[in-house]
Every structure is written in structure tokens, then in C-alpha cells.
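As given, the protein sequences belong to chains A and B, one line each in that order. Using my numbering, read the first sequence as starting at -15 and increasing by one per residue. Using my numbering, read the second sequence as starting at 12 and increasing by one per residue.
It is possible that part of the hints are untrue.
[Unchecked claim] List of simulated lysine to aspartate or glutamate pairs, EDC-like, C-alpha gap at most 20 Å:
hint	chain 1	residue 1	chain 2	residue 2
1	B	Lys38	B	Asp306
2	A	Lys(-9)	B	Asp153
3	A	Lys(-9)	B	Asp145
4	B	Lys143	B	Asp153
5	A	Lys208	A	Asp186
6	A	Lys72	A	Asp59
In short, the hints are calculated from the structure, not lab data.
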Amino acid sequence: MLRYILKRLWYTVYVIVGISMISFFFVHLSGDPVMLMLPGDASDQEIEELREQLGFNDPLHEQYWRFAYNAVQGDLGNSLYFNAPVMKIVLERLPASLELAIAAMFIALSIGIPLGIISAVRHGTMLDMGSMLVALFGLSMPHFWLGIMLMLFFSVFLGWLPTSGRGTLAHLIMPALSLGLPLMAMFARLTRSVMLEVLNLDYIRTARAKGLKEIIVISKHALKNTLIPLVTVAGMQFSAILGGTVIIETVFAWPGLGRLVVQAIFRRDYPLVQGIVFVLALIFVGMNLIVDILYVYLDPQISYTEDKEK
Amino acid sequence: MNEKSSTLLYITDEISPRLRLMADTFKEVARRPSALAGGILLVIIILTSIFFPFFYSVDPLDINLLQRFTPPAWQEAGSLAHPLGTDNLGRDILARIFYGSRVSLIVGFAAVLVAEIVGIILGLISGYYGGKIDNFIMRIADIFNAYPFMLLTISVMAVLGPSTFNLILVLGISDWVTYARTIRGSVLSLKNKEFVEASRAIGTSHPVIIFRHILPNVISPLLILGTLRVGSIIIWESGLSFLGMGVPPPMPTWGRMLAEGRVYITEAWWLVCLPGFAILLTILSVNLLGDGLRDAFDPRLKNI
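Sequences are here, hints too, so could you generate the full structure?
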């Protein structure tokens, strides 16, 4: 067990190194931010001086080492636009994004899983087909369009909910629904197909043959094994939500990391883009680590010594 | 004479089983009403996006400020000159949706093709050769998987600058991991089968074994997987376009139509509703078809 966790930790370390390299090099391939930071009539000498001062003239690998060395100590550099430490800005905006992601995840799981279970248990009925049709629509809809439609209906036509900003629960409803509903559709489909598989297994037949009530067979026996694969997917999808916040935060003017990163890209604020991408990727890797370890506890069948082929 | 009979032989031996297989595939999919509906809808959408200039020749870039915010024809103030109304600059919505369909379909299918090619090549190499190179490729796959997909595409698009070619490349390259993993798994289970060993024993070179003997046996799940991914890719394409990082103007795209229309959400609901419906219909058709293909041929892929 300990060996497995150590192995997972080692895996996490190299993924983090890989991610830091990707985010560093991609961001540094883009245009020259120095030109944007100075007035149009700046002389060549002034441009050169600022470039030198910010270290853009050093070879890329030296810049990367500097970035990595500082990042380990929690220093992600300074934002060119805000003229403040990236770490501080990211930490200020992170709670808003997490709040949105957690709310969306809550919606997705709390509706999606029960819907999938009902569909599986009532397999082949109108109820099943109806909810799977709804799920298919949910999967086929861009989440930001869903957001705009919700806005059109609840804000423009009915005037019930505020169109943008953050603060109250009313502000959270629409962005969380837009991110959560497509994911809900995915979970409903997944739960249904896993549940259908589990219901065909021998131990379920045994449980039924023993004369147990159907409700107990499903809630006690089948559900447990259905939930195991869902844990992995839920962990992976959490990062997909964080990625999705990029657009939805722009739509609803939600003051989180997603909106910030879009603005930073347009302002060519390298260090900020790099920092946000890096922090989000770290959260993702951390989630994966937690899921992997949780998995071993949930499913004793998984042999954690032989994960080499995985 | 001899030549003729060998051609005939070629047709009966090589082509007709393939034709029969295609016909069987078609029948198997068509047996499912939802897949059939999806397939027909997709064919209609593709044909429309190719041939619409023959029956609808309105210029999508034609600005007419006098007719701005004309509602769709079924509304009181609407007119048949603009069946789906006009936008804030008086441009025709229907024409813009038609042109936008070309962008989404081309980018969607081409990006999946790029992802498939990269995924297939890396997956084949990884599974067939194994060892260090396998380890290396799979570790890169881990890193790609750990990188938030949307952020990756956004930051690369910001770096490369918006263009159709870049968009296809970036979306394709960010999505190769699933294909590579799937194909690697199938190759691992195939590479020690008798027919591969026999081929190796008579001295066939590795590339020939990989492409001639292994690839044909592992490719079908990849085609299904690809169909299932087209919808997600189109959603990301429209998302990037929405953020201003997709196919550059003046080409109308569904994502940009939504972004422009969002500003006028209180005045003109059709600006934000209609392009979204176009996306929904397109993706729905691909997903219905993909679900049908998967159920018909490879239920193992059910959880993807």
C-alpha cells in the first residue's frame, strides 16, 4: 500500500514537471509583451532595457530554470498588468472558481446518478428512454449556450436572476447550472450503463434468488459496485469543469480564474497566464492523486502492486 | 484475357467482401431508429453546408444598417427576405448560419482525423515495441491528460494566432491520448497472436507487420471513438470562437455569432437562440449516429 502511494507520488512529481514545462514554453512562444507595455513612441533602447530588466533576453532554458526554482518556493513571478505577485492574484480569484466548480459538480452528481439508477432499474421503459433522450440533449449542447439560454429566460424574460457578478446564491444558480447540466447528462448515461452491467452479474442474481426485496438488492448490493467507476470519472471531470469555467465565467462576468486567464491572454500577461494554467493543472493532478488513492480503499480487488500496465 | 480474369478475381476477392461488410454495417446501424435518424440528419446537414449557395445566395457579410435587428420571418415584424432575421449590422442570420456550418463541420471532422492519426501512430508504436519507448509515450500521454484541455487549446491558440489550420492542429493534437491508449491496449493483446508471430518468423519487417497485419484489426473501435468525439470537438471549436480565438473574421462562425449576439440579448433573442440551435442539431446528429455505431459494434466502449 505504502509502495503504491509512493509510486503515485513519484508519478505526480513528473507530471507536474511536465506540465510546468508545457505551460512555460507555450506561453513564451507568443508575441513580445514588452511592446505592449511601453508607449508606441518608445525608443529601441528603452525597449531593450525593459526586456533586459525582465529577463526576456536570457536563453529560454535559463528562464525556465528561474521559473521552476521560484515556483517551488511559491513565487510565480509578477503579473505585468496588475504589477502584483501572480500567486497573490491567483489565490484571490481561486475561491470563486472553486465555488462554481463545486456547485456544478454537486448539481451533476445529485441529479445525474439518481437519474441513471432509475433508468437502469426501469430499463427499456418510457421513463428510461425519456431520461436518456434528455441526457443526449444535455451532451449535445455547448455549456455556454445553455448559459446564455438560461440568462435569456430567467433574467431577460422573467427578471428573476441577476445576469452577472458574484455574491449571493442567486448569482451562483445560472453559471452552476450551465456547467452542471451537461455533466449531469454524462453522469446519468454512465451510471445507467455501469448499473446495467452490474445488474447482470451473478451475485445480484443470488441476492434476488435469496428473496431479497428489489429495493435492497439495488440500494445495498448493486449501488456499491456502480459507484466505484464513477469516483474516477468524477475526479477527472472536476478538472474539465475548471477548464469549462473559462468560458462560463466570461459569460456571467464571474470573478474567477477562468475569466482572468482569458483577459490575461488578451493582455499578453505571460506570467499571469503561466501561473493560472500551472495552478489549475496542479489542482487537477492533486485530484487525480486523491482519486487514485481513494480507489484502492473503495475497491479491494484492484491490485496496486501491478499498476505498471495501466 | 488473362488480365481481365485477374481483374475480375481482384474485384470478387478483394472488393466485394468489403462492399458486403459495408452493406452489413449500414444495415446494422439502420436497424436502430435513433441512429438512422441521426445519420439522416447529419447527411442533410452536410449536404446543406455544401450546396446551400445554389438555393440561398444571400451574402453573409452584407451590411444593411436600415434593416438591423429584423426578427425572423414568422414574427410580425419579420420579412421573407431574411427568413431567420438579421443581426446588429443587418447581416442575414440564415446565410451566416450556413457559412458557420462549414467551419464547424470541417474543423470538427478534420481535428478528429488529426487526433486519430497522431493517436494511432503513437499507440501502435507504444503497444508494438513496448519497453522504454512505450514508457516514454505513455508518460507524455499522462502529462497531456493532466493538462486542462481547454486551457491548453486557449493558450496555444493565443500563441499561434487564430487561423483555421492552427485550430484544427491544436484541437487535434490535444485529443490524441484516448485514441493512443485504446489502440495500445488492442495492440498488446494482438502482438503475440499466432498470425503475427508467423509473419515475424518469415522475416516480415516491423513496419509491414504493424500496418498490414495489426492496424486493420484494431482500427474499427477507433472509428467509433472518433465519431463520438466529433461532437465534443465542435463544442470546443465554438467555445474558442466564442472567446475570439477560433477561425478569424470575416468568416462567420457559430461561436462568434453567439458572442456578438450576447451583447444584444435584451433586444434580439434570435441572435443568441438560432446559432445555438444549429450547434445543438449538428452535435445531436453526430452523437445519435455515434451511439448507434457503438451499440451495434463495440459495446465495450460504452463508458467512454
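Exercise. Looking back at the numbered hints, which does the structure fail to meet, lowest number first?
Worked result: As far as the earlier hints go, not one is violated by this structure.
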